[in-house]
Amino acid sequence: MSHRAHIPIGPYHPLQEEPEFYKLVVEGEKVVDVDVRIGYNHRGIEKISESKSFDQSIFIVERICGICSSSHPIACVQAVEDIAGIEVPERALYIRSIVQELERLHSHMLWLGLAGHFIGYNTVFMWGWKYREPICDIMETVTGNRQNYAMLKVGGVRRDIEKEHVSYILTRLDEFLHHLDMLKGAVLDDPVLHSRLKGVGILTKEDAIDYSALGPTARASGVDIDVRRDHPYAAYDRVKWNVITQKEGDVFAKTVVRILEMYESVSIIRQCLDKMPNGPIDAKPKDIPPGEGIGLIEAPRGECFHYVKSDGTNSPVRHKIRAPTYMNFPTFRETVVGETVSDATIILAAIDPCYCCTERMLIVDNDDKELMNVQDLIRLSQEKTQKIKERMGRR
Amino acid sequence: MKIDEILKNLKDEFGDKVLKVYKKSDARAYVDIDPKDIVDFTRYIFKDLGLRFNIASGVDEFNGIEILYHFSSDASGLVVSIRVLLKDKNDPHIDTITSVTRAAWWIEREIHELFGVEFDGNPDLRPLLLPDDWPKGVYPLRKDFIVPKRDSRKA
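In order, the protein sequences belong to chains W and P.
For the first sequence, the residue numbers in the working numbering are 1 to 395.
For the second sequence, the residue numbers in the working numbering are 1 to 155.
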């Protein structure tokens with residue numbers, strides 16, 4: 001019998017953006033068992049929400065995650081609208097779809113960058129995060145914020161899309177599409193990535209169904225589900241688009257699904273901007289009656305589920321929140337066991353566990369006068385490197 | 001498959017075991033059952049009808065701990081929620097459904113620690129979200145739990 005060793009990863013580790021604790025049990029290079037401990041970031045949002053009004057709880061759930069900061073609010077308002085049976089104005093539905101797809105674009109780009117980083121392909125990391133910038137810019141134009149958009153309210157949305165912004169959005173989207181084409185070629189045609197990601201961390205279709213896996217994780221294993229099509233909400237049933245699925249279930253298939261989904265998202269945004277009718281953006285509902293409601297939406301990582309129970313007062317009696325990673329995470333037992341230690345990180349990252357990215361850095365304000373652009377930042381970085389080189393040389 | 005069809009299937013299969021049916025809309029229905037029938041219902045809905053397990057959610061009510069098991073049919077865009085009421089708040093018990101679907105693995109651990117519900121037959125009910133030194137018998141999502149005030153000066 002060979003010797004078994006335990007490899008602890010976390011809870012705080014330079015590779016991880018959020019605290020979680022993995023315990024890998026290995027025999028030589030092979031992972032034979034794995035366990036995970038979460039809860040280091042538990043903030044008790046479900047309990048907090050019970051003490052807030054319906055309007056306030058939307059802002060609480062927005063702060064669950066910096067990446068999905070429009071997914072949770074949409075699911076939440078849909079649950080409340082389900083209780084009261086509120087009809088949302090047409091224009092607001094289109095705006096919700098646009099915000100959701102912008103979020104999916106920036107989230108998938110972010111994941112692609114991180115996936116590159118995990119396998120030591122840092123060029124992909126740089127590209128992914130750089131070309132994500134136009135999307136964040138569009139988000140700022142549409143909602144006023146790059147993250148935590150504060151766009152949703154029960155009965156509609158809080159901000160309208162101005163007419164003069166539409167052409168700007170379309171130009172930046174074209175720019176993004178150009179980079180996406182390049183990135184798609186670079187990632188999907190790269191023989192190194194093929195040999196690194198194909199056949200690694202396979203989640204079979206049977207396991208995906210049994211674990212009720214969601215989103216790109218399920219779709220890469222051949223499970224044809226997508227809340228946008230199956231439980232139509234916002235304006236998704238008014239535009240034409242495809243659900244992307246793959247059969248293989250390995251890390252490469254998950255990458256393919258996410259990259260191809262970005263094209264669909266761009267197409268959805270364009271159609272929505274084109275078809276969006278004029279009109280009010282808010283149904284202005286009054287009281288929320290007693291009852292219970294369920295809101296389902298397709299977040300970038302899969303279905304996001306909110307259950308809200310009201311007793312007729314101003315705040316929910318119970319607010320259950322289920323983020324997609326909650327269902328996708330337990331599949332690691334099937335995907336990691338039997339693989340090598342070196343593949344464990346990318347397999348665990350392949351479901352896109354949710355971490356926050358709320359920091360921003362676009363313009364450096366220097367001495368209250370000089371503004372720096374990208375070229376200036378590159379020059380600054382080169383000067384710094386030069387200084388370090390000189391110092392090292394002197395020693 | 002329409003929602004009426006699913007509800008009719010449930011009635012044909014289980015008869016009197018379906019205690020109450022509330023159809024909220026064409027896409028949402030709530031079905032009340034006895035806690036001891038939960039495994040049979042889950043097996044029928046998940047395996048035979050092929051619905052997906054969304055999640056379970058607990059509520060602390062006046063007359064007991066209520067657990068809702070949400071299932072969704074992606075082929076027809078609807079959600080059916082199975083409701084059980086565990087009357088004994090001091091020692092709530094229900095059979096585990098992890099024997100039917102492994103998707104319930106984490107949520108049973110969560111309800112166990114946040115509501116104090118015992119899932120009979122679930123071998124893995126270790127804490128999931130709460131810290132290891134959390135006091136025994138204190139369940140944060142029960143209504144009698146009062147969030148302790150934090151004194152910012154002590155930090």
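Hints were generated in silico from the structure; no laboratory data involved.
It is possible that some hints are incorrect.
[Said to hold, decoys possible] The calculated lysine to any residue pairs, modelled on SDA-like cross-linking and capped at a C-alpha distance of 25 Å, are:
1. K240(W) / G77(P)
2. K205(W) / D48(P)
3. K47(W) / D144(P)
4. K2(P) / N242(W)
5. K47(W) / L86(P)
6. K47(W) / R109(P)
7. K2(P) / Q56(W)
8. K143(P) / K205(W)
9. K17(P) / G291(W)
10. K2(P) / P232(W)
11. K20(P) / P280(W)
12. K47(W) / V59(P)
[Said to hold, decoys possible] Which residues of chain P face chain W? A few of them, derived with a C-beta cut under 8 Å, are:
13. F53
14. H70
15. A103
[Unchecked claim] Away from chain W, derived, C-beta distances all over 12 Å, residues of chain P:
16. D4
17. F14
18. K17
19. R28
20. I33
21. N90
22. E113
23. V117
24. L125
Quick reminder that beta carbons are idealized off the backbone N, C-alpha and C, glycines included.
**Asked** Hint numbers the structure violates, sorted upward?
**Response** 7, 8, 11, 19, 22
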